[in-house]
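J.: This is what each chain is made of:
There are 2 protein chains.
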Amino acid sequence: MKQSMMFIPTLREIPADAEVKSHQLMLRAGFIRQNTSGVYSYLPLAHKVLKKIEQIVREEMNQAGASELLMPALQQAELWQESGRWYSYGPELMRLKDRHNRDFALGATHEEMITSLVRDEVKSYKRLPLALYQIQTKFRDEKRPRFGVLRGREFIMKDAYSFHSTNESLDEGYTKMFEAYQNVFSRCGLNFRAVIADSGAMGGTDTHEFMVLSEIGEDTIAYSDSSQYAANVEMAPVIAEYEKSNVAENELEKIVTPNQRTIEEISSFLNVSKETCVKSILFKVDEKFVLVLARGDHEINDIKVKNLFSASVVELATADETKEVLNCVPGYVGPINIPNEIEVVADQAVSVIINGVCGANEENHHYKGVNLDRDAKVSQYADLRFIQEGDVSPDGKGLIQFAKGIEVGHVFKLGTRYSEAMNATFLDENGRAQPMIMGCYGIGVSRTLAAIIEQHNDENGIVWPENIAPFTIHIIPVNVKNDSQRELAENLYHELNTKGYEVLLDDRQERVGVKFADSDLIGLPVRITVGKKADEGIVEVKLRKSGESFEVNLNDLTEKLTQILGL
Amino acid sequence: MKQSMMFIPTLREIPADAEVKSHQLMLRAGFIRQNTSGVYSYLPLAHKVLKKIEQIVREEMNQAGASELLMPALQQAELWQESGRWYSYGPELMRLKDRHNRDFALGATHEEMITSLVRDEVKSYKRLPLALYQIQTKFRDEKRPRFGVLRGREFIMKDAYSFHSTNESLDEGYTKMFEAYQNVFSRCGLNFRAVIADSGAMGGTDTHEFMVLSEIGEDTIAYSDSSQYAANVEMAPVIAEYEKSNVAENELEKIVTPNQRTIEEISSFLNVSKETCVKSILFKVDEKFVLVLARGDHEINDIKVKNLFSASVVELATADETKEVLNCVPGYVGPINIPNEIEVVADQAVSVIINGVCGANEENHHYKGVNLDRDAKVSQYADLRFIQEGDVSPDGKGLIQFAKGIEVGHVFKLGTRYSEAMNATFLDENGRAQPMIMGCYGIGVSRTLAAIIEQHNDENGIVWPENIAPFTIHIIPVNVKNDSQRELAENLYHELNTKGYEVLLDDRQERVGVKFADSDLIGLPVRITVGKKADEGIVEVKLRKSGESFEVNLNDLTEKLTQILGL
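Protein chains in written order, with full-length UniProt numbering: chain A, 1 to 567; chain B, 1 to 567.
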């Protein structure tokens, strides 16, 4: 493509309202323009990259046995009412009325639509499993759109859905999709982790998020420094084993600790390690109060508390509730001498504390010499804390480290959440109607575009990985008014195009400084500069990534490009 | 692709609510399903064809020098208010509010969006011309969605826009697009005409519609039987030349013609030819009354009347107005002895009528022996009638015939309609701000899919043209439980896939009759049946279009397929 005919409005300045690197670069390199908050036009360069990402997704989905279709964005409200999400989705779901005053949702996701479609056509186990996907514009009215296309209100998503007659078949389908996702993100040149995630309110079981490692990510990932293990930090189990030392037990002693509320304060006040302190937090687990204990240097993970009790809701007790139940202000709560109806559970690390310190359920007082087996009634020791950096990885391999991640994909075992609500059943081998077992699998295509840029840039602009770059070669004649430079550049352009390279020719009448700056911003892997030595048949080749540059005789150019780019 | 893994829900019965062939076949062959009125899911087979059409469109657009981008479907109301279309578009424009109660339109078309985008980035004539296009889902809340995806409320469109600094540049761009459109529809295997169309209220100049010839079309095309000429019937000029015979003029005579109002009645009553009768119709042209004359066998074309007077509105005068102005009921109106303030204009054919018949402006009375030069005051003779079948083609080549057409594309010289309303200006070579001159160019991608099927089917199903078919080869093992048949079919499937053919393998455990019926419905160009002679290495090849079938030895199959399909 000739640059004069393409719409690439580059900017010299960093736009004031763009906080993160990818957003800044997409604006500056002429990839996107905002139309309104969270709504963007993808200009030709961005569009070319989107198509490449889509093609990779398509190849991997087809390879995984899924078929592509296209469902409508306009979805009648009745479908969402059947699943119940019309009422639960909130203002993120964009809604409108047609000319007949009928309610519609703009597709934020398509579980209802696909369930309805498959329910109407598939009646027998013989037609299962079935996997379908689409690549489509989705609409979600985000409360706080930000970071450019990383969190927009209109975005491109690949959503896939699978239907199964058995859980084993779902497991197989899930594994195929999982592998396809790994391939997609690897081929996009991303440094990512498949992270065990919370199945949340969806009622599913297995679920993984695909996270691109980035300091601007909104999620924290706990990963092993020596294996593939990675999990959302909320989900990582702690497998540490604790051993009790054989120090002699002291007597329990109540002490005055004026204004020493936090673990920090009390450990410092008493000059003991945090590991010796017992953190005691009162939770409301569904309708029941539970006192949860953890070691002073650990944080309680309420998802683990919730799972321990198979509860629906776990909340911290309020100060008023604490006062009412324990007759104590928060900060001095402890497990000793509390009402029988309050269950006490503790993280495993607490079980080995000898002569510990805990609140005395009395303002400005603590106990020391606490030995829980003797002094309190702990109903259960379990894994109840957040994993920490330095903990042993849950797979036993290496130590845990933390990283931030941008979620670009999600695979999810839905189970029968939708098929039961919407009565999507099949007849099994015995002729009995059963709800279909479903999986759903999403990739944020436009978000992936931004994530790639977030990971591939330097101070001068974007640095495209080869197989996702909008073009691979940028030809720059230094002076287009010089006939031999212009002609050589044009000839090279046609020759390399014919060879199958994707070439952008900067045929604009601009100063060469402007062209180089734009070229660095746009970030194509290889730049060929046609300058004064054009007459001698010599051009300069520069690699965007390494910055390495060298002169090449035209006779050797093809061979050189083959070495660099293949083909 | 293996058929068992693809979602192709075929139907035996013709769905009751599908009126036209393409709609019936798309439902029966498992290409689409309706979600709600005018809103469809494109199932995998349809999706594959859509992608092929899109690829053809893309190649031809790129060839024409346009760059692809993607603009949002969500468009803030302010843009549409700037152009004025927020108020004029009516209920076809779908509207919604976001969570902050701001108004949005769902993109029905993108003139406003692209004008705003280019206005903000292009400031100089040096950056023009510029041509941009997108392939995108559009939304129009049609009053009467019908014929399946031929007239839907959510549909796929390619819309292109070009920006120019001069009218000559617009002409060039328009010509390139015109040629690209001819290529697109030819490559889609369509029998179509590029038809001169009415530029209507858009204020543009040149405009062509691309019409697929079909009896279900809503527009009438006047085309030459011996040239490429074609026009919307409303737009075709009449170039007939009329010669006056040298019959002697009779005297004007008022005669009584009780209840003879129509041309049919009066010509029969007087036993004269319709060609001798003068049809006289009173029009209201803007605020002025004009009497328009045509030969009895011709129809007056009000667009031509409108153009003759450069008027904004042309309407038939009401009976009340006719009474008021001519003191006469319609049916007896004529050009003789009418008030001076009423201008009389006539179609050219009227100029040669000798001894004609016309209304006498008196109920139940006509004149005969009418010779207008002598008896009336005609201010102008001009081309004011509709062209008819049998007329000479306006390009002088051949005779006109009529056909019905489905509009699949439209190229349009917009001029400065949007750039002036939205202040999209550039600085010309003299540094003066000028409005950009625009063109717009649309293709109904999903409608094209239906139009192809409308033209390519027989009583058994769809008959795909090769380069647009979802797959080119359908392999059918007669009995998948027979090991040698199944294995041969599978081997063939892999071999032909590897060779680059697109192959659908019917691996379902169905009766062969069901498979053949489905295969005919789906309509792939070549069917390979693997039956009893599998062991002998013999298969049957059947061509969908001709119905021709023959046995082929496996050793000769590749050569045979190359003959049929190329590759």
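Please keep in mind that the hints were generated in silico from the structure rather than gathered at the bench. Bear in mind that the values here come from a model prediction, so they are computed numbers and not experimental data. Heads up, some of the hints might be wrong.
Chain copies aren't distinguished; within one or between two, either way the pair holds.
[To be verified] Think about it this way: if two alpha-carbon atoms lie no more than 25 Å apart in a straight line, the pair counts; the simulated BS3-like pairs of lysine-lysine are: (1) Lys52 to Lys244; (2) Lys377 to Lys2; (3) Lys126 to Lys542; (4) Lys481 to Lys123; (5) Lys2 to Lys123; (6) Lys274 to Lys126; (7) Lys254 to Lys532; (8) Lys274 to Lys143; (9) Lys126 to Lys481; (10) Lys244 to Lys2; (11) Lys143 to Lys97.
J.: Please go over all the hints and tell whether each is borne out by the structure.
T.: How the hints compare with the structure:
1. Lys52 to Lys244: neither (57 Å within a copy, 70 Å between copies)
2. Lys377 to Lys2: neither (78 Å within a copy, 63 Å between copies)
3. Lys126 to Lys542: Neither, since 57 Å and 29 Å both go past 25 Å.
4. Lys481 to Lys123: between (70 Å within a copy, 22 Å between copies)
5. Lys2 to Lys123: between (54 Å within a copy, 19 Å between copies)
6. Lys274 to Lys126: Answer is neither: 61 Å inside a copy and 70 Å across each miss the 25 Å cutoff.
7. Lys254 to Lys532: This pair counts as neither: shortest intra-copy Cα distance 88 Å, inter-copy 93 Å.
8. Lys274 to Lys143: neither (40 Å within a copy, 72 Å between copies)
9. Lys126 to Lys481: So Lys126 and Lys481 pass the 25 Å test across copies only (15 Å; inside, 69 Å).
10. Lys244 to Lys2: neither (73 Å within a copy, 61 Å between copies)
11. Lys143 to Lys97: For Lys143 and Lys97, both the intra-copy (22 Å) and inter-copy (14 Å) Cα distances are at most 25 Å.
In this structure, the hints that do not hold are numbers 1, 2, 3, 6, 7, 8 and 10, in rising order.
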